[in-house]
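> Going line by line, the protein sequences match chains B and Z. Residue numbering for the first sequence follows my numbering, starting at 15 and increasing by one per position. Residue numbering for the second sequence follows my numbering, starting at 4 and increasing by one per position.
If you're looking for bench data, these hints aren't it; they were derived computationally from the structure. One or more hints might be untrue.
[As the list claims (entries may be wrong)] One-sided and incomplete, this derived list gives chain Z residues near chain B with beta-carbon spacing under 7 Å:
(1) Val37
(2) Ala38
(3) Ile41
(4) Gly48
(5) Gln49
(6) Phe50
(7) Gly51
(8) Leu53
(9) Leu56
(10) Phe190
(11) Tyr195
(12) Thr196
(13) Leu200
(14) Gln202
[What the hints assert, rightly or not] Derived lysine to any residue pairs resembling SDA-like cross-links, with alpha carbons at most 25 Å apart:
(15) Lys210(Z) - Ala69(B)
(16) Lys210(Z) - Ala61(B)
(17) Lys210(Z) - Leu55(B)
(18) Lys210(Z) - His57(Z)
Glycine residues also receive a C-beta, built at the ideal position from the N, C-alpha and C atoms.
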Amino acid sequence: MSATALDQDAAVQARVVAALAARALRSQLRRAQFLLPAFLLPLLLLAVIASGTSAARHLPGFPSTGAYVGFVVGGTLVQGALLAGLTAGVALAADIEGGFFDRLLTAPVQRVSIVLGRISASIALGVAQATLFLSVAFVFGARYQGGVAGVLVAICIAAIAAGGMAGLASAIALRTGSLSLLQNLFPIVFVFLFTAPAFFPRALLGPTLRHIAVFNPLTYVVEGIRGALHASAALGDPWKGLVAATGLLLVTTALSVLAMRGRLRAL
Amino acid sequence: MSSIAYAAGLSAAMWRRSLNEVVRVRGALLPTTVAPIIFLLGTAGQFGRLSDLHGFPTTSYLAWVLPLSCLQGAGFAGGAAGANLARDIEQGWFDRLLTSPAPRALLLAGPVLAAMTRALVPTTVILSVGLIMGAGLSGGLAGVIALYVAAVWFCMIAALWGSTLALRARTQQVGPLIQNGVFLAVFLSTAYTPLPLLQGWLATFAKYNPVTYVLEMARQATVTGIPPSWAHTWPGLLALAGMSVLFGVLALRQLRRVTL
Numbered sequence: 015m016s017a018t019a020l021d022q023d024a025a026v027q028a029r030v031v032a033a034l035a036a037r038a039l040r041s042q043l044r045r046a047q048f049l050l051p052a053f054l055l056p057l058l059l060l061a062v063i064a065s066g067t068s069a070a071r072h073l074p075g076f077p078s079t080g081a082y083v084g085f086v087v088g089g090t091l092v093q094g095a096l097l098a099g100l101t102a103g104v105a106l107a108a109d110i111e112g113g114f115f116d117r118l119l120t121a122p123v124q125r126v127s128i129v130l131g132r133i134s135a136s137i138a139l140g141v142a143q144a145t146l147f148l149s150v151a152f153v154f155g156a157r158y159q160g161g162v163a164g165v166l167v168a169i170c171i172a173a174i175a176a177g178g179m180a181g182l183a184s185a186i187a188l189r190t191g192s193l194s195l196l197q198n199l200f201p202i203v204f205v206f207l208f209t210a211p212a213f214f215p216r217a218l219l220g221p222t223l224r225h226i227a228v229f230n231p232l233t234y235v236v237e238g239i240r241g242a243l244h245a246s247a248a249l250g251d252p253w254k255g256l257v258a259a260t261g262l263l264l265v266t267t268a269l270s271v272l273a274m275r276g277r278l279r280a281l
Numbered sequence: 004m005s006s007i008a009y010a011a012g013l014s015a016a017m018w019r020r021s022l023n024e025v026v027r028v029r030g031a032l033l034p035t036t037v038a039p040i041i042f043l044l045g046t047a048g049q050f051g052r053l054s055d056l057h058g059f060p061t062t063s064y065l066a067w068v069l070p071l072s073c074l075q076g077a078g079f080a081g082g083a084a085g086a087n088l089a090r091d092i093e094q095g096w097f098d099r100l101l102t103s104p105a106p107r108a109l110l111l112a113g114p115v116l117a118a119m120t121r122a123l124v125p126t127t128v129i130l131s132v133g134l135i136m137g138a139g140l141s142g143g144l145a146g147v148i149a150l151y152v153a154a155v156w157f158c159m160i161a162a163l164w165g166s167t168l169a170l171r172a173r174t175q176q177v178g179p180l181i182q183n184g185v186f187l188a189v190f191l192s193t194a195y196t197p198l199p200l201l202q203g204w205l206a207t208f209a210k211y212n213p214v215t216y217v218l219e220m221a222r223q224a225t226v227t228g229i230p231p232s233w234a235h236t237w238p239g240l241l242a243l244a245g246m247s248v249l250f251g252v253l254a255l256r257q258l259r260r261v262t263l
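Could you build all of it, start to finish, from the sequences and the hints given here?
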């Protein structure tokens, strides 16, 4: 194939990815069953935790970030990313059970584009979520010492993490094709969330959890977000957050592509 | 046959049918048990140091959140009764029941009683996990009884709330709304910290949320600073009775509105 043909093919596939991402995003934004967990649930938990555990600021060693909500909003971004990813898997499983996925397979598009379209939609959803959550927290008193650049880096890390979780959920959806299984995975989101220092600094976690947190990539994601938002190396390293989120995205995208191949072989 | 014996027999039959859900459907109890256990372990690990704060009524945060998780599990079991009723309505089974000569209230009594029985499983499993993890039963037998009464009664209220929504919406899509209602009722209370340590809007909301007092009653089992006493029990009983009347009336009113 000539270089021009390759370029044209890449452009076509990019358009396919964009079209599938737009469709996935529209379906996620139009249906309350996807919208509520991705937007409302993290905001509710933010409100409850910011008010319910704010006395934690008086603990010795608790970092100062101004309003307490400014500290916990990092965890909300990660929770939103997890839920955005999971709802992508739920939507994909619904497509598989509903037959739309089979119709996609008959279209002259590369299989990997189908996976990339879904993941790209979750990244876009992650941007929308993170922007909303940071704005709401700002209205309720959070201040971001990292400025606009810090906020943009935090949004970027959260959005990539959302893509990473979408890759994982898509891999499970493609492997099992079961909508009910994906719907029952919601508690697992909290396993990932609570084994990272999502709402408390790592130094103040229980000893067992502190050891487990080292192996959870979301630990570096949430700390990176906090570090970027508050321009504080003591809170976390944004670069480590970016590397962890990108690594998660690459690994889970590879997993979902492998799951897609496995599904096609079984057809 | 007396009307009381008839009502008891009919309720028992409906109760047995609803319990089949637990016995025959593999994993039916998992969501109501696993999610609260994950929450229990996650919250205790995440916010454990809050018990170091001056004024916290126990030195073990696990002991503080354990009754909350039991209540959450029982509440989810009650909510599941509403979701199952929505499924029965959608699939036409409930319409067939309505054509029977049974009083309508009894059609609701069976599933609610089954939910209360079912709530014993998550409550016991979650309590056992908490005890294995190191929470002590500081309240002894009296505390444990208070915890079980609070959990099973709260399950009944959640079942009535779920049934009201199911009868109104007549679709299984109402399921998340039922469970989110239970979730919110529990968390907009003294879920994480006691009232004196709560700040902002939640402090005001929790003060007027009846679940706060139900939690206080349940916490007599494990929280050293809340020893078993009538003073820690009657507000919870009053809150449970008040919520039962409110949601019972709403469910029965909705049931009367159902037409074939």
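> Could you tell me which of the hints above the structure violates, numbers in ascending order?
none
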